[in-house]
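Chain by chain, the residues run as shown.
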Amino acid sequence: MSQAVSAPGAPAEPGDLPETRRRRGGVVWAVLRSRPQATLGGAVIVVTILIALLAPYIAPYGPREKVGPPFAPPSSEFWLGLDDGGVDMVTLLMYGARVSLIVGFAAAAVAMLIGGTVGILAGYFGGKTDITLMRITDYFLVIPDVPLMIAIAAIWGRSLTNIIIIIGIIYWTGTARIIRAQVKSVRERVYVRRAQALGATDRRIIFRHVLPQVAPLLVANTVLTVAIAIFAETALAFLGLGDPSLISWGRLIENAFVSNAITVDAWWAIAPPGIAVAIVILGCTMVGTSIEDALNPRLRVGHLSVRRFRLRPTPKDAA
Amino acid sequence: MKRVLALLAALLMTALALAACGGDGGGGQAAGTGAEEEGEVVKGGILRVGTTDGYDSINPFVAFSAQSYSTFIDIYPELVQYNADFEWEGDWAESWETSPDGLTWTFKLKPGGKWSDGTPLTAEDAVWTGETILKYADGPTANLAPFLEHVKSLEAPDPNTLVVTYETPVGNVLPQLQQFFVLPKHVWQKYAVGDGKALKQYLPEKDLPIVSAGQYVLTKYDKKGTTILERNEGFYGPQPNADAVGIQWFANSDAMVTAFRSGELDFIAVPLTAVSAIEDDPQFEVIKAEGFQINNFIFNSNPKKPQNRELLDPRVREAFAHALNREEMIEVVHAGHAQPVASIVAPVAGKWMNPNLKPEEYDIDRANQILDDLGYERGSDGIRMANGHKMSYEIITPDSLDGINRAFEIAKTGLAEIGVEVTQNSLDSTTAFEEIGAPEWKYLNFDLSMWDWVGYLDPNFVLSVVGCDQYGGWSDTAYCNPEYDRLYKLQAATADEEKRKEIVWKLQEILYEDKPYIQLVVLDIVTAHSTKWDGFLPGGLDAYTKRYLGEPHQVG
Amino acid sequence: MRGADYFLKRTVFALVTVFVAITLNFIIFRAAPGDAVTGLRCQFCTIEFKDQLREELGLDKSKWEQYVIYLESLAQGDMGRSFVTREPVLDELIDPLLNTLPMIALGTAFSIVFGILSGVVAAWRRGTFLDWGNLSFSLLFYSLPTQWLGLMLLIVFAGTLPASGISDPFLEFTDPSWWDTFVDRLEHMILPAATIGIVLYGEYALIVRSSLMETLGEDFVLTARAKGLRNWAIVWKHAFRSALLPVATLIALSLGYLVAGAILVEAVFSYPGIGLATYDAVTERDYPVLQGAFLILTLSVVFANYMADLLYFKLDPRVAE
Chain A
0 MSQAVSAPGA
10 PAEPGDLPET
20 RRRRGGVVWA
30 VLRSRPQATL
40 GGAVIVVTIL
50 IALLAPYIAP
60 YGPREKVGPP
70 FAPPSSEFWL
80 GLDDGGVDMV
90 TLLMYGARVS
100 LIVGFAAAAV
110 AMLIGGTVGI
120 LAGYFGGKTD
130 ITLMRITDYF
140 LVIPDVPLMI
150 AIAAIWGRSL
160 TNIIIIIGII
170 YWTGTARIIR
180 AQVKSVRERV
190 YVRRAQALGA
200 TDRRIIFRHV
210 LPQVAPLLVA
220 NTVLTVAIAI
230 FAETALAFLG
240 LGDPSLISWG
250 RLIENAFVSN
260 AITVDAWWAI
270 APPGIAVAIV
280 ILGCTMVGTS
290 IEDALNPRLR
300 VGHLSVRRFR
310 LRPTPKDAA
Chain B
0 MKRVLALLAA
10 LLMTALALAA
20 CGGDGGGGQA
30 AGTGAEEEGE
40 VVKGGILRVG
50 TTDGYDSINP
60 FVAFSAQSYS
70 TFIDIYPELV
80 QYNADFEWEG
90 DWAESWETSP
100 DGLTWTFKLK
110 PGGKWSDGTP
120 LTAEDAVWTG
130 ETILKYADGP
140 TANLAPFLEH
150 VKSLEAPDPN
160 TLVVTYETPV
170 GNVLPQLQQF
180 FVLPKHVWQK
190 YAVGDGKALK
200 QYLPEKDLPI
210 VSAGQYVLTK
220 YDKKGTTILE
230 RNEGFYGPQP
240 NADAVGIQWF
250 ANSDAMVTAF
260 RSGELDFIAV
270 PLTAVSAIED
280 DPQFEVIKAE
290 GFQINNFIFN
300 SNPKKPQNRE
310 LLDPRVREAF
320 AHALNREEMI
330 EVVHAGHAQP
340 VASIVAPVAG
350 KWMNPNLKPE
360 EYDIDRANQI
370 LDDLGYERGS
380 DGIRMANGHK
390 MSYEIITPDS
400 LDGINRAFEI
410 AKTGLAEIGV
420 EVTQNSLDST
430 TAFEEIGAPE
440 WKYLNFDLSM
450 WDWVGYLDPN
460 FVLSVVGCDQ
470 YGGWSDTAYC
480 NPEYDRLYKL
490 QAATADEEKR
500 KEIVWKLQEI
510 LYEDKPYIQL
520 VVLDIVTAHS
530 TKWDGFLPGG
540 LDAYTKRYLG
550 EPHQVG
Chain C
0 MRGADYFLKR
10 TVFALVTVFV
20 AITLNFIIFR
30 AAPGDAVTGL
40 RCQFCTIEFK
50 DQLREELGLD
60 KSKWEQYVIY
70 LESLAQGDMG
80 RSFVTREPVL
90 DELIDPLLNT
100 LPMIALGTAF
110 SIVFGILSGV
120 VAAWRRGTFL
130 DWGNLSFSLL
140 FYSLPTQWLG
150 LMLLIVFAGT
160 LPASGISDPF
170 LEFTDPSWWD
180 TFVDRLEHMI
190 LPAATIGIVL
200 YGEYALIVRS
210 SLMETLGEDF
220 VLTARAKGLR
230 NWAIVWKHAF
240 RSALLPVATL
250 IALSLGYLVA
260 GAILVEAVFS
270 YPGIGLATYD
280 AVTERDYPVL
290 QGAFLILTLS
300 VVFANYMADL
310 LYFKLDPRVA
320 E
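Protein chains in written order, with numbering that gives the first Met the number 0: chain A, 0 to 318; chain B, 0 to 555; chain C, 0 to 320.
Hints may contain errors.
Unchecked claim - Each computed DSS-like pair below joins lysine-lysine, with the alpha-carbon atoms no more than 30 Å apart:
# : chain 1 : residue 1 : chain 2 : residue 2
1 : B       : K196      : C       : K8
2 : C       : K60       : A       : K127
3 : C       : K60       : A       : K183
4 : A       : K183      : C       : K313
5 : B       : K189      : B       : K222
Because the hints were derived from the structure by calculation, they are not lab data.
Note that the coordinates shown come from a computational prediction; the quantities given were computed from them, not determined experimentally.
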């Protein structure tokens, strides 16, 4: 890692970016290039996105096209066999990527917007704003996520938009916490104080000074949230609450479950979607944690658990 | 560190201890099953049945589910039942005779029957049950009232004789009375007061074992788990071979089939897609039988519907019929275990089904021809225009129907080829039914649906669902044809079977021409049992005879 | 006293959160537009039944009055009655809760033991193949969708182990001994517990590893080394205790999470725990049970957080500053 990430004991503050690399994403790109874990993860994500975009062109058959008997085993014609409707699994995986990725990225975007805003406001303004916002965050942290999701999905209905919103409003808290901690430390920097002394408005400071410093962390966190969102979508689909007209990886798993794939030993209908999900989640996790690690090697392990439960603030970042 | 380990160890111990005695499953110790448990004896033992069809209630005035009705057959007396050859025999009745005018039926009842709490079973119980049902027929007992339609009175001249008098001749007395469950008066009479609402609110499962007089007593009830029926020593008829029957509910069929295959169950109805896997296994025997469930395609036939009125045209409906690929549905959705049908009356009903009606041929060209002739031209996107709007509709489907999503896909593909676009609105069954009836059972909103009907051996019920009086009742088509209704009432009152058959055939013909439904396929019923047991009747008879759960026995 | 202060603060926070949880529970399920009963769909939900239910639930009163009534009944342990079975909600949920707890404990125990072991080994042998292999494994297991993992286990073990339920319902007819019952329960619990265990194992291993890696870089370890202590001794005696902080709280927290997250596993295995009960309540629109389940789940997370806070303090009193 050639960039000036602080080594233990260095005088610069953790997470500090050298002035020459103000461009947003500079660190991100550097990390992706130099750390093998991140490169691999990034490659995985890119390949998946490409497959999703190109699905209509590169898929061997149609996504609803019956090309053989139900649950036909893998063969040279159908590399991963057929599902319960006689549709080619490879094709389904490719088309499924589209919905799963859309949900993943869109929901993560929603979470990032909410979480980022809350985190920045709380960290920058401090005081009462901070306390109120953090209390709200704490409450959201405590609500059991999957039960809330299924309750809302059942009440609001099962469209794609709803699912994206539901996932987004449940998982923004991790982002909020981390961004807040970062913003707090950035706020105390010399140049921010200088800007304030010069009379710059809060808005200007936030957008021109705070945001760029926080951006890489935000990116890292969003990538991790994508992983969570994809996972949440599979959970919802499995419980029968996904959008019924859409093919997603989660839906493929659910389909196999309800059409007795296990009884007829059709592992090819169940295994591939799960593995696909795992690979993408893995990729996102690797990229996200690599960036976070690079930004702050002392950053506590909280980030690894953003996916499922939320670690209490440790003494160092609760400040 | 040590403390943490100790804590962990304690946790583990607690976990395991809780595992042993906490939670559900341990309750309901059998109050003495009595008979021998194992050994070389053929009789005895517990028949372990698996089902994915749950109970919705064990109160006969509330229950709708097939599983509940099956159990009522076992625990309550019925006058008559079918035997394995679909012929009539007496259950509680030893013999019966009809008066010359066909209005009075006298049943001689088998003596010596006792309710499981020791109270003697007499004709009084039948009289009380019948009168209560009739009294509240417009309200709390509406579910069971149809089976006593046109009954004027019930009398018990002596404890073992029941006289049922009808106000007009009825064509299907025995099939109707076969579903007439006799309830214990001494248990239920306190709820038949005032407006009778208490009848529906009583939860029999609170007073286990349920007071029963059938071949079994219901001793344990668990909608989400296992319900147990135990032999009733005071039964008036032949004792069942098994000591007890356990009916275990599974949330999904994979779990049930897996349990069956690993020997945890003795008898299941096999999901059609799993049949081939079970057939090949020598430890199991598979019984295939004609079924009662017909999946269909529904048109909103309300003449007052404001939109998409082209769907009321029988020619449009015919075009649709030629676009629905029944063969593919049979292959893909039901793994080959289904037959194409044309009538709402299933083939298993024997002579009652009209054999002259043939399922429409899957013929895309013909379908296109019909729509072309009607002048519905295709737009640039391939979808036809009718009366100034696109032929694009929503199909309501209940998510509880097995394979419905696949069936919908097949319908969608076929319809797309004739220039009709459809989208699926998948809802839970209660909501789906409400959507069909929307608004407020006026049936003005919906266009299309895909659902099913499960008929009886006697066609009376399934022919009734399209009556004008069924708005807000059973109707899912809003079909209303006064001529049909007239003929329907006529067949119900015709005692001569041949004459009745003609009318029944005519009714099916009318429906075939008007096409409120396109009847698609009838599903086979496939059951399987382990070779350790034998004596099983074909599937589907569970609601028609006590023999279904009475005859199976262990093999020596 | 610093400790007592902290203790007090945390307790107050927990209680406040409980109160907020209760209130929000009320808002989500009662104050939403249209009352819970209009949307109710069930077989016997006639207009009369719904009206009667409205009266029973006090839905004809103002929202504020309803809220007060709700609080009062909660104080008495009354969570209302299920729409479906008309039994008290608490009665309906106790058994499922007791079913879920041992299953989760078993799974958690599994993951803790293996997670800690592999995490320590990996940190100790940092940079070697063992570390890398362990890291990959952990990441992989961490990324697998829970329900999918359950299905995979089902495929592999169907036939050897029961595929569903919590016990053999017919066992009681063969007059089983205490041991028989215990084994039966255990058999039914293994697969769901293993699923949870595997998924959590990944997380634990990763976290222990990271945490331990940091600790090993700190000064006191350097000192120990300088004193000539062996690697083995250093790792176990000094570093481990320090690394225990996040791990300990992780354990407390996951108990809270797991009770909520067990839904997926219980759905796959038809295991009648609180997760499945919640899911059933949703599909059956049984709002009182759903509300009750939510409350229980939320309370358990609050409780677990609270325990975590206390544990944190016990292990590292500096946290109270």
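query = Given the hint that C:K60 pairs with A:K183, does the C-alpha gap stay at or below 30 Å?
reply = Cα-Cα ~47 Å, so violated.
ask   = Keeping to a limit of 30 Å between CA atoms, is the pair of B:K189 and B:K222 held or broken?
value = holds (26 Å)
ask   = When you check the alpha-carbon spacing of C:K60 and A:K127, does it fall within 30 Å?
value = With Cα atoms ~36 Å apart, C:K60 and A:K127 exceed 30 Å; violated.
task = Verify the proposed pairing of A:K183 with C:K313, using a straight-line Cα cut of 30 Å.
result = The given pair, whose Cα atoms are some 28 Å apart, holds under the 30 Å limit.
inquiry  = Just to be careful, I want the Cα atoms of B:K196 and C:K8 compared with a cutoff of 30 Å; is the pair within it?
reply    = Answer violated: B:K196 to C:K8 is near 54 Å, above 30 Å.
The structure is inconsistent with the numbered hints 1, 2 and 3, although it conforms to all the rest.
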